[in-house]
Structures are given as structure tokens and as C-alpha cells.
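Asks: One-letter residues, chain by chain:
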Amino acid sequence: MSRYVVRRLLIAVPVIFGISLVLFTILALAPGDPFEELATNPNVPPEVRMNLRTQFGLDDPLPVRYVRWLGSMLHGDWGFSFVSRINVATLILQRLPTSLFVLGSAQVLGLLIALPIGTYSALRPYSTFDQIATTLAFIGFSLPTFFTGLVFILVFSLTLDWLPFIYRADIPATGWRWWWENARQAAMPVAVLGLFQGATLTRFVRSAVLDVIRLDFVNTARAKGLSERVTIVKHVIRNALIPVVTLVALQIPAIFTGAVITEQIFRVPGIGSLLISSILANDTPVIMAITFVFSCLVVIFNLVADLLYGWLDPRISYR
Amino acid sequence: MSVTAVPRASVLAPAAARPSLWREAMRRFRRHRLAMLGAVILLGMVTAVVAGPFVYRVPIDAIDFKAKLKGPSRAHPLGTDDLGQDLLARMLYGGRISLAVGVAAMLISITLGTSMGAIAGQLGGAVDHTLMRVTDLFLSLPQLPLLLLIVYLFRDALKKALGPEAGIFVMIVAVIAGLRWMPVARLVRAQFLSLREKEFVEAARSLGAPTVRQIVRHILPNALGPVIVAASLDVAAAIIAESSLSFLGLGFPPDIPTWGRILFDAKDNLDFAPHWALFPGTAIFLTVLSINYIGDGLRDALDPRKVLGHK
Chain R
1 MSRYVVRRLL IAVPVIFGIS LVLFTILALA PGDPFEELAT NPNVPPEVRM NLRTQFGLDD
61 PLPVRYVRWL GSMLHGDWGF SFVSRINVAT LILQRLPTSL FVLGSAQVLG LLIALPIGTY
121 SALRPYSTFD QIATTLAFIG FSLPTFFTGL VFILVFSLTL DWLPFIYRAD IPATGWRWWW
181 ENARQAAMPV AVLGLFQGAT LTRFVRSAVL DVIRLDFVNT ARAKGLSERV TIVKHVIRNA
241 LIPVVTLVAL QIPAIFTGAV ITEQIFRVPG IGSLLISSIL ANDTPVIMAI TFVFSCLVVI
301 FNLVADLLYG WLDPRISYR
Chain W
1 MSVTAVPRAS VLAPAAARPS LWREAMRRFR RHRLAMLGAV ILLGMVTAVV AGPFVYRVPI
61 DAIDFKAKLK GPSRAHPLGT DDLGQDLLAR MLYGGRISLA VGVAAMLISI TLGTSMGAIA
121 GQLGGAVDHT LMRVTDLFLS LPQLPLLLLI VYLFRDALKK ALGPEAGIFV MIVAVIAGLR
181 WMPVARLVRA QFLSLREKEF VEAARSLGAP TVRQIVRHIL PNALGPVIVA ASLDVAAAII
241 AESSLSFLGL GFPPDIPTWG RILFDAKDNL DFAPHWALFP GTAIFLTVLS INYIGDGLRD
301 ALDPRKVLGH K
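Protein chains in written order, with our numbering: chain R, 1 to 319; chain W, 1 to 311.
Isolated chain R, as found in the complex (with noise of 0.2 Å):
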């Protein structure tokens, strides 16, 4: 096992030097230019320009550039915003756990709804209960997260008035009430995404049973007399999470569509909506920095997922 996982942490190496190398290309081939005001400026003789390009390396050749740019991505040193001129690496990180609490929940909740019902609809095929379930997932998966958003907004806001639709950082409450606000205001965006989520893995889940439950040791756990639940739990759902959990380690760079989505929709501050607000400001290292986490954190979950199939399936790890 240990050396399993080794060997999935040095496959994550060249991703994320991968992943580098996409987005300097992109950065490098954009045009546009950082002293671009000061050509402008009549007040700043060309020299001054010039002598600024060379003493940021501007005119360096691009591998050059490459390296010294990548290294201090890699030291944490990203750069001052340059609207709320405070450190990019801080900024990013005030915003980084309000992001993963929601998608966090949102996967948990996505998992609750996915795994009952997939497996339940699976060992009932074709009956009244799976094809409703079958039927709502597709609409589910159908249905984009930012229009689920402000239909949640109409109703449970605006209608009814149960829920809040702006997420506040800091409510002015404390102890009982400060969870309880905050799980208020938590609910739709995690409901949003969540529903999202557990509509794409129902499919997963009820495909992944379906083919478990036709294999040969499921009827020698019956047949030796294991009872039914244990059967399922056991034998067939463990199975079934092989395929499955490869599914949402694929899934996860769309969650972080819907993500950056729902974040905008409900003003969550996270670090979607930062990258939103900062795109819109034109606050360029704020913008590569949020990129480059996000290309980060799906690395990381896809190395967790690694490490949960090895885990799963003892099969895998010993190859």
C-alpha cells in the first residue's frame, strides 16, 4: 500500500508542472501588456517604461520567465492584489475554507441522496420506484445549477421567506444561534449544488450496482446464507464504489463549475466569487492565482480518490 501511494504522489508531480505549463502558455500568449497605462501616460518617458520591462524581466526569454514564475507560484509568493492591495496568498486563503465547507457538504449531501436511492432503484430494476427515480435524475443532471439557483431564490426567499438569500461571513450572533444562522444560509447553495450532485451519482451508483449484482459471488454470499442486508451492504455495495468513486473523482472539476456558479448566485464569499469579482476588476494575480488553486485542488482530490480506490480495492494497490 505504501508504495501505492507513492507512486500516485509522483504521478501528481508532472500533472500540476503540467497544469503550470498550460496556464503560463495561456498568460504568455494573452495580449495586453502590465505597463500598458504608462505608453499611454505623457508623464512617463518611454525610457522609464523600458527600464521597468527589463527590471521585471518583461523582455526575458519565455522559459526564463517560465521558471522564475513558476518558482515563486510554488514558494506561496502570488503577487498584491491590485484592488485590495493585500497579499494574494491571504486573500485567497480568507476565502478558501467558506468554498470547501460548501462543496464539502454539498458532495456528503449528493452522496446521501445518490447512494439509497441508486442502490434501491438498482435491486428493484424497471419497478414504479426506480423509474420515477431514474426519471428525476435525469432532470437533475438536466437542470443548470444557476437556474435551479434562482428558482430556490423565487421560492424559498421570495415566496416564502424562509431562507435567506445573501451569504453573510460574519454573523453577528454567537454560540446556538450563530450555527443555526449559518446552517440557514448554507442551505440553499449546498441544496443547489447538492441536488445537482446526487442526481448525476444516482445514475452512477444504480449502473455500478446493476452490474455488481449479476456476478457469481453475490449468489454464493445468498446461497451460504448471508442475510439480504448484509448481502447488499457487504458484497455488493463495496463493489459497486470502485466505479463509482473513480466517477466523482472524474466529476470533480464540474462540481467546481457549479461551484463558482452557486457562489455568484447566492454571494458566497468564497474564492468563486472572488475569481468573478477580481475578472470583472481586472485584477490580473488574483485571477491566476484562483485558477491555479482550483487546478490544484483537482489534483488533490483526485489523488485522495487514488488512495480511496486503492483502499476499496485491495486488487489495485498490490499491482
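Accuracy of the hints is not assured; some may be wrong.
[What the hints assert, rightly or not] Covered stretches of chain W (chain R as the covering partner; in silico rule of three or more C-beta atoms under 8 Å from a C-beta of chain R):
hint, region
1, 131 to 143
2, 152 to 164
3, 248 to 255
[Said to hold, decoys possible] Footprint (simulated), chain W over chain R, 3 or more residues, beta carbon under 8 Å:
hint, region
4, 10 to 24
5, 139 to 149
6, 256 to 262
7, 288 to 299
[Stated by the list, open to error] Computed Cβ-Cβ distance ranges for the label pairs, DEER-style:
hint, chain 1, residue 1, chain 2, residue 2, range
8, W, 73, R, 79, 46 to 56 Å
9, W, 156, R, 63, 39 to 49 Å
10, W, 200, R, 72, 36 to 46 Å
11, W, 44, R, 211, 31 to 41 Å
12, W, 211, R, 223, 48 to 58 Å
13, R, 79, W, 200, 30 to 40 Å
14, R, 312, W, 208, 43 to 53 Å
15, R, 219, W, 36, 48 to 58 Å
In case anyone wonders, no lab produced these hints; they're calculated from the structure. Note that beta-carbon positions come from the ideal geometry of N, C-alpha and C, so glycine has one too.
Model the placement of chain W on the given structure of chain R, informed by the hints.
Replies: Okay, now just chain W, sitting in the frame of chain R:
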């Protein structure tokens, strides 16, 4: 060998006597009721946005402050927005762009993915290895953040080069397609790896068919089924991607009211004018749902494991 098990008659029968593969697939597709319903709805949508503006001749930018934020009425079947512009006219016009983005992005991503997969599967070795690593790398890129980054960096340059409408269209289509070709590449590569070794390809090879003919005439047509399914689902994904961008205010400008853009403008007026958001949202949802069901139907219809004529 299994060759002997094939009934003589079917081998010798003239091609016309057998139902063609495509007709057979069509027959199976028609059995999928929801897919047929999806096809009808989608056809209706396409007809509406293509022919609609010729029939419903209300201008998309006629400002009328007296009629602003009104719900559906006789004069404005889907109501108006905050400038009193007619929503039905805007949705018909914007729908053209939304659907065109979907189809164009799908065509590019399928072409790119099929060529990548075909090259990797056919050449094998180091080329295959490199292309598959590139595919894996692209698969682990976070799509929307990257999409936003590219839009942010290249928006102004392309606007200047191609004009506001065409520039943004080209950029959005290219970026969406550039981030969606990977699953198709993997699919096609897998098909190539297995088809390349099949007897009929071997027969073509031993008869002296050049590589290009082997690929175009023998392998690709047999690999097409899953690609068509992926293509239909890609249209839906591209429509969602464009709507997401426009919804975040980073897609098309306000004078090109794609469905996502209308939602972006509508979202701050939910309490006075819910219809403004509900109509375009429903249009996106119905289109995506229809396309997904069509994809589901195509999957059933084109599955080669379903025996010809059976059921």
C-alpha cells in the same frame, strides 16, 4: 471459428434485401418514447428560433418604458424586461446564438477528439503515450475557471480583430470545444485499439488497402456509434457552458441576448419580474433535457450489442 456459424443466406443475400443498419437504428430510436419526445421538442425549438424572427416581427431592442417589467400579455406574449423590450423576440433571437454555439462547439470538439483518438489508436507507441498524457492533463483542468481566465485575457483582442459579435462567438466556441474533446478522444482511441485487430480490418489490410482507406472506410464507420452519442451530449454541455459564461456576465454583450445573458440581466429583478428569468431558464432546461434524452435514445439505438432484427 464463429465464421461458420453465420447463416449462409445472410452472407450471400444482396445488400438491399437486408434492412440497412441506419434504418434499423432509426427504428430502435423511435421505440424510445422520451427520446422521440425530446426530438420533437428540440425540433420545435430549432424551428422557432430559425423561423420565429421572420414570423414574429417585433424588434429585439425597441425600448418602451411604459411597458417595462410587465408579465405576459397580449402585446408581449412572454412579457418585457426592465427597458420594456419584448422578451419573446429577444429569446427567439438569442436562442439562435445559444443553439449555434452548442452545435459549433460540438462539431469542433468532436472533430478534434476523433482525430486525436484516431491518431493515438492507429499509430500507437510513443505518439499514443504522449497524446494520452495530454488528454489526461486536459481532463484534470478545472473547466469554468480556465474558461473565465481565457475569456478575460483574450476578450478585448478578439473583439478588436473580428468585431464584437463574431469575436466573442469564435472565442466562446473555440474555448468550450478546446476543453471538451478529451472524452471523445479516449472513446475513439479505445474503439481503434479493438477494431484494428478485427478480422475485417485485417482482411482489408491483406488485400492491400492503404492505411487511410482502412481508417476511413473500415474503422471509423464502426467507431461512429458512441461518437454520435457523445456528440449529442456535447451540444447540451456546450449550451450550458455558454449560458454559464453569459450568466456570469462574461459571455455575450447585452445586445446579443442569449438565454444565459437574459438570465444574467433578470437575476436582480426576481422579486418584481420572475417571468423574465423563468422563461429563458425553462428554455435552456427544456433544450438540455431534450438533447440528453435524445442522447439516451441514440445510445440504445446505436448499441452494436443489440442484435439486428431482435426485438
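Asks: Take the hints in turn and mark each one as holding or not.
Replies: Verification of the supplied hints:
Chain R is given as covering the region 131 to 143 of chain W, and this holds because 8 residues of the stretch bring a CB closer than 8 Å to a CB of that chain, at least three being needed. Against chain R, the region 152 to 164 of chain W contributes 5 residues with a C-beta closer than 8 Å to a partner C-beta. That satisfies the three-residue criterion, and the hint holds. Only residues whose beta carbon comes within less than 8 Å of a beta carbon in chain R count, and the region 248 to 255 of chain W has 3; three or more means the coverage holds. With 5 residues having a Cβ less than 8 Å from any Cβ of chain W, the region 10 to 24 of chain R passes the three-residue criterion, so the hint holds.
With 7 residues having a beta carbon nearer than 8 Å to a beta carbon of chain W, the region 139 to 149 of chain R meets the requirement of three or more and the stated coverage holds. For the region 256 to 262 of chain R, the proposed coverage by chain W is satisfied: 4 residues have a C-beta within less than 8 Å of a C-beta in that chain, meeting the threshold of three. Given as covered by chain W, the region 288 to 299 of chain R passes the check, having 8 residues with a CB less than 8 Å from a CB of that chain where 3 are the minimum. The hinted window of 46 to 56 Å between residue 73 of chain W and residue 79 of chain R holds, with their beta carbons roughly 54 Å apart.
Between residue 156 of chain W and residue 63 of chain R the C-beta distance comes to about 27 Å, which lies outside the given range of 39 to 49 Å. Here the CB-CB span from residue 200 of chain W to residue 72 of chain R is close to 57 Å, at odds with the stated 36 to 46 Å. Take residue 44 of chain W and residue 211 of chain R: their Cβ atoms lie about 37 Å apart, and the range 31 to 41 Å holds. The hinted range of 48 to 58 Å is satisfied by residue 211 of chain W and residue 223 of chain R, whose Cβ atoms lie roughly 53 Å apart.
Separation of residue 79 of chain R from residue 200 of chain W is about 59 Å and departs from the stated range, judged on CB atoms against 30 to 40 Å. The hint said 43 to 53 Å for the Cβ distance between residue 312 of chain R and residue 208 of chain W, and at roughly 50 Å that hint holds. Between residue 219 of chain R and residue 36 of chain W, the C-beta spacing of about 38 Å breaks the proposed range 48 to 58 Å.
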